[in-house]
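Enquirer: Since each chain sits alone in its own frame, please combine them into the complex, following the hints.
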Amino acid sequence: MLTVVLQQGINGIVFGSLYVLVALGLTLIYGVLVQINFAHADVVTIGAFAAYFFTFAFGGNYLISIGIALMAGAALGWLVNAAIFAPLRERGNELLPLIATIGVSILLQNAMLLWFGPIPYAFDSPYSNKVIRLWGGTFITLQNLIIVVVSALTIALLYAFMKFTFMGKALRAVSQDRETAGLMGVNPNQLIMLTFVIASALAGMGGAMLGPILVLTPFAGTTVIVKAFAIVIIGGFGNVEGTIIAGLVVGLIESYTTQFVNPGLTDIVVFTLLLLMLALRPTGLIAEKREENV
Amino acid sequence: MPTDRVRISRRGWFLVVAVIIALLPFVIQDSYWRTNLIVCAINIMLAIGLDLLVMKLGVPFWMAFVFGMVLSGAAGMALSIFAVRLRGHYLAIASLGFAVIVHQVLLNWISLTQGPLGIYAIKPPPDIALPGLPVISFGNTANMFYLVASFAFLFYLLLDQLVRSPIGETLKAIREDEISASAFGINCTAWKVFAFGIGSAVAGAAGAFYASFVGTLVPDAFIITESFTILAMVIVGGMGTLIGPVWGAILLTILPELLRGFGDLRLILYGAALTLVVLFMPGGIAQAAQMFRARLGRLATATDAGMRQ
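As given, the protein sequences belong to chains A and B, one line each in that order.
Each residue of the first sequence is one higher than the last, beginning at 131 in our numbering.
Each residue of the second sequence is one higher than the last, beginning at 120 in our numbering.
These are calculated hints, taken from the structure and not from any lab test.
Possibly wrong hints are sitting among the right ones.
The calculated label-pair distances, taken between Cβ atoms and stated as ranges, are [as the list claims (entries may be wrong)]:
1. 384/B - 221/A: 26 to 34 Å
2. 374/B - 306/A: 36 to 44 Å
3. 375/B - 402/A: 28 to 36 Å
4. 183/A - 375/B: 26 to 34 Å
5. 296/B - 252/A: 55 to 63 Å
Heads up, the beta-carbon is just placed ideally off N, CA and C, and yes, glycines get one too.
Isolated chain B (complex conformation) (with noise of 0.2 Å):
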């Protein structure tokens, strides 16, 4: 395979990860948008704290998935306590703290994760054989490429489904009022625990993903920084719809890559670059796109109006 193309298919596997881990807010989000963001991106490095544990046991790649989602789906749940009790500012510092504690354990729990050495040659997923097809071995970067963004499709499609059923729009009641949707009957602390769990399960399979594709994984390539990165992801892309954060991830992913040119520059304009969207398009690329759909004469639907400022 030509150098070139797998250049590319690498840099489009990491704008894949980056989409799914940018959906992953969303579900969250739609409970109680504002700060659960953060909570949720700080998930991350929990789920991928779990998915080591499991994959250090040597469990198979497909079980070990699975474990992840399921354990990190759980422990997104028993963070929930503080979801449940705090908002605002407070609830992002809670799950600041959290995200310390999980990269302080993981630098110091040395039997587990040999500490700032980090785990090596972690295995991609196992060769797959259909019969009558030839073997697709994802140790190829565009096998991998395509496993990962047919999940992240796939995610998108579920996570779709979910906002548009009774599931979402009970979700965006609690969101909108918490008072009235429980005058209505709906038990607030269950449903944000259960979209706790169902965000923190999609991190973990991105965790999962993210292990067996980089091969490697070292706590300090989870510091707090990069779940704030995250955050901007979907700030950048446009908060409230689905389709934001996908772009943020994309643009925000691609940035870097398109910067390199500048060499040192790079991530000062990065910086500078993320800090203009904020302060001139704070809609993000959604709301932006939606105006100038406007702007063409079509009227965007209600559905399309999802942004809340």
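So that you can see chain A by itself, here it is in the shape it has in the complex (with noise of 0.2 Å):
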């Protein structure tokens, strides 16, 4: 019992970990902008689908797959501020963005279609088979461990930018108030470029690691978004710690709800959790002065 305990405790924290870097891209951006950011299922998508054709049509390695994958999804993200909220900042509808990046994802979903067809892609990670065997009977897959270990040293990483160097201040500073941060000598413009492109870069290198464990479709995207969106609001909107700790609560949360109650299910015990927590606190897990959202 208490192996099994364990052993979907590891297993939800590698959900959560990839959940959690998808989350983060959609929490940073809404962070700065207060806008939702629809295409963002389809670069996780597009980032599977790179380290897909990295590894299989042109022999690569794996791990550098999540690289390429991290590029594919910067360069999007950038493409889509670019097209898309960058002409559409000032209208001040948060509606209009919202529904240019369902258009977005339309385009982006069926090109796909187009190109890849509808038929799962079998994405088998060379390091899935190798089990490394830990305490009290429990394992981790070698591609289970490099996800956790991967994400876990990206949200580091990220968290250290955002805390301690100028521009992750400065970051911080416009998603305060854009205004006052622009008078300080803080470019908005180009941080909120800069939010699109780590938030992008984060969803592609998630792509490449959900790649093996989802059924891997130009859908595929779209069934973590919407986790991704659970878990922002748990966390509270714009809030990076909350996204974390709710990220791998979910993901903790589902592999418990799969073990023990019933697999049908774990969508409805997630979205339940977040219709209580809006209406008990609607603020997210850790509480932020954001009063005119709620």
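Expert: So this is what it looks like as structure tokens:
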């Protein structure tokens, strides 16, 4: 029994850390722009496909393919900001970019459907078969260990960047008050661009690591992004620490529901938690001064 | 009946359903337009879930129709617990979460919905036999079209009246400034619940027609992206006007059909068109038409200029 609990705990953390990568992108964009980017789902999918083709079509190393997916994501993030968010920024209607990115999402998904076809790709990571035994009869595959280590390192780097570098501080300043940050010599447009690049790079690398776990089709990202929205809310929109905790919690809830309740009910449990959070504590796990939104 | 006409009337039917669906958000939108559109769009899924429940019990169609409306309205009011407390994107995500839950419940409650297989052979509304007239059967797409079209028109008129009435003014006051509205003695919470109830009830009606026209109910037909397509209709048509969503619904229902000639490129072009409309026509068709009229030298009246931005 204890072994099962521990094992599901490990699995939950593996999924949770991937959710964190995807959700952090959403929360960063929300923090700076107060906007929701629906095309984020397709950045995840494109990251997964980039890694797949690098590994299987070109015979590249899987670990390097994570970096390729990161760059593909970053490029796409830059494009989405330049084409959609930058032109719509001063219109002052929060629904317009949301709808525009839904359009982008429909476009990208169907373009991928045309190129890659509807049949799921078998993305077998070369590391999926190597098993590392842990204490008390539990184990972790090398692939899952890579996921946890790479995610943890990335999240730590991002956290350090936000906390200690000038750009990171400027980014937080812009998310607190764009006008004032501009007066202090920070270029908000540049920082918003940077945010999109970072957020999408995270989603791209998340995709590369989700690829072997998910059913890899042009619509793979959507299933992840819906959970990422829940995580962003549970953690508190725009709150980095909250998002990290919420992502891991959701990963754990999923794996324990699968084990002890019913695999079909995982989404119901997660989203009921979301609604409860909204009803009882709309500011998220870690409260922040953002009263105008609740 | 020539097949060509059947095809056209089916397309027309979809169009009218789209019109109904697009009208739903209006009442709610008026109370506070930003995100309640999404809530309402997503309510449709809920509405269909409830209709399904009613249909399954073998209740006659028109009774089920009324039940569906009442139940959906009640569920909409229940959902407004969140609406009263939340605003902006929070409300949008709350309704997204609600939609996911409904979808999952429909998928997993196999004894009721047969899960992913769905329910088949749902009967169309019963024939109407008026004395002295030929029997009107709704198994026929053309008749079904006229039935739904007349309901769409009826709902349009009712909503139009509602918006012009003191109730509409009250809702507008809440939308513009909640604090001032409550200072005038308006019970904002009660009116929000009311708006949600009305919007959801209309959604329930659309759900009943949907089920009986298509004849099948599959949970996956109501995934989240579909709900956002409905929101897109409102945006493309133009927010803040009653006629805007109608135009948006017509355009976005016909557009994929027109693009059918492009084969696999169809949905790519649809996505691109949606993006471009938002980028270059942010006020939607309603505003574009208004500007066109203004350019012709006819002054748009104050009511027509209902756009907020």
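Enquirer: Hint by hint, note whether the structure agrees.
Expert: Hints, verified against the model:
Hint check: residue 384/B to residue 221/A, Cβ distance near 29 Å, so the stated range 26 to 34 Å holds. Our hint of 36 to 44 Å for residue 374/B and residue 306/A holds, since their Cβ atoms are close to 41 Å apart. Between residue 375/B and residue 402/A the CB atoms are about 35 Å apart, so this pair conforms to the stated range of 28 to 36 Å. For the hinted restraint 26 to 34 Å between residue 183/A and residue 375/B, the CB-CB distance of approximately 30 Å keeps it satisfied.
Between residue 296/B and residue 252/A the Cβ separation comes to about 57 Å, which falls inside the hinted range of 55 to 63 Å.
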